[in-house]
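J.: Line by line, the protein sequences are chains A and B. My numbering puts the first residue of the first sequence at 41, with every later residue one more than the last. My numbering puts the first residue of the second sequence at 3, with every later residue one more than the last.
Treat the hints as calculated values from the structure; they're not laboratory data. These numbers were taken from a predicted model, which means no experiment stands behind them. Every residue, glycine too, gets a C-beta built ideally from N, C-alpha and C. Keep in mind that the hints are not guaranteed to be accurate.
[Said to hold, decoys possible] With the Cβ distance kept under 7 angstroms, some of the chain A side facing chain B (calculated, not the full set): (1) I172; (2) F207; (3) P209; (4) T273; (5) G276.
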Amino acid sequence: MNKITDTKELEKIATQVRRDIVRMVHGVQSGHPGGSLGCADFFTALYFNILNHNPKAFTMNGIGEDIFILSNGHISPVFYSALARSGYFPVSELASFRKLNTRLQGHPATHEGLEGIRIATGSLGQGLSVAIGAALAKKLNKDNSLVYTLHGDGELQEGQNWEALMFAPNHKVDNLIVTIDYNGQQIDGRLQDVMSLGDLPAKLRSFGWHVLETNGNHMSDLIETLNIAKGLTHRGECIAILMRTKMGAGVDFMEDDHRWHGVAPNDEQLQKALAQLEETLGDY
Amino acid sequence: MKTAFTIINNKATRDGFGDGLYEVAQKNPNVVGLCADLTDSLKMGKFHKEFPTRFVQVGIAEANMIGIAAGLTIGGKIPYTGTFANFSTGRVYDQIRQSVAYSGKNVKICASHAGVTLGEDGATHQILEDIGLMKMLPHMTVINPCDYNQTKAATIAIADYEGPVYLRFGRPAVPNFTPENQDFQIGKALHLIDGTDVSIFATGHLVWKAIEAQAQLAELGMSAEVINIHTIKPLDAAAILKSVGKTGAVVTAEEHQRNGGLGDSIAQLLSRELPTPLEMVAVNDSFGESGKPDELMKKYGLDTINIVQAAQAVIKRKK
């Protein structure tokens, strides 16, 4: 697909993605707005600028295309919005989110054949292993395209991540760009209060990762960092990006508040949120 | 005592897996092998040596192994994971459930050292619940071949089947009696011996014991039919109902818990379709323990004599 390079235009798309998120979650009074809003800029950057992909002709094997694995599947609203807005499936289908017979399951699934989804996620901590497998398959296939992932920071409390973080440098999985939503929040409160990750950048470096850090809610910083990461691939190194984001970013009363992890806005809150988010591409 | 089949040699089913993997990898370039620090135990050494770039050593990290296998399928690979049955199932149940089964991934979960015949390592390593765990997952195929030749054939055959498979085999050398280079059909029960008084449905290591039991029952004047159920899911309902319709009595035999095993699957089928007296030769709600494989099979009631006694008991229950 044609890449959008203008930052202002990308920011406008991100605003529409945020509208989609709050409307989807409000529509079914269920889902996870906090992390979705926090990652809206990342998904916009990824799907409209960074990925080499072909939304109109989705194939499961993604041979010759960059592929993306969402590990923290609960932020499905932002994933679905980015997929629909970039052309994987009709935008109108966003209205079916979490409703009976939908392809837009509460957590992403391949089971209903939704274009753009390559693995079911939701039970946390499994996506990095899957992404590593997909990256190894690309190497076996002599396919030079890349694999991208996203993980929640709270999700890193799951032990399987550390098995995978140990594996990748050991096997020089250098066609993979791991991103972490570093918002410091999880369901029960702030990460540092619930279960601190300690010095996460130092931990990742000690496991052998090349760690980049960026502001995950600043479009031009994000794009710049993602492009730096791309430039580091295929050199024998594993690359991780810590994206500092605000949970709930873009809706003032949700920002940086763990209580919006998995709660839907009511009618009044929806209107308050939408008043802060310009309709740029047309609501579904 | 003369049995209906002749032992070709004694060989472990895990050797059948290792040789089958090596053979199928030569034919199919998409086959890859993953192992969690048990390459020799799983007999994957020959594959590793011949296809080093298609072998993935994951270390002692089974959850990661299952996830990587799921990811490899995205690029069209056919991954075979290798570790002990305990670490292939119970340890990684949620990874299999979400990343493999629910995601519909073409992963072959190859599990050695199943059951008490793992022996001296004891109950921590002797899983007797794995068939149940795996058969409960929607669309999971569950295969438990009986000897070296059949395990080798199954290992080769599953590469041509698109979808998740659990392939279960064992550690000790056991009688190898099925034909070399046999055609293995997933889900097709193998009718081994004709009989009229009782149907014995056996899987895995218990198939040879069932053949021995048939010979002993014949000396006692009872005619047993022996059927090898190498595929527990999907179950060959037609073959089972045909046999039971003739004999009117059933013994099931497996190296597994009664709960969740082959006997449980057949009891479910018969209770719906053809209620019939049934006895189960299986472990009865117990963990295993250290010991030699033969000693454990005796102690846990999984020996030839247990099948003979179960057959006698169930024939008495016929109306």
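J.: Confirm or reject each hint.
T.: Hint-by-hint comparison with the structure:
1. I172: 5 angstroms, holds
2. F207: Since the shortest Cβ distance to chain B is 6 angstroms, the answer is holds.
3. P209: P209 of chain A check fails; min Cβ-Cβ to chain B is 12 angstroms, beyond 7 angstroms.
4. T273: Given a least distance of 17 angstroms, the restraint on T273 of chain A is violated.
5. G276: 16 angstroms, violated
In the structure shown, a violation is registered for the earlier hints numbered 3, 4 and 5, in ascending order.
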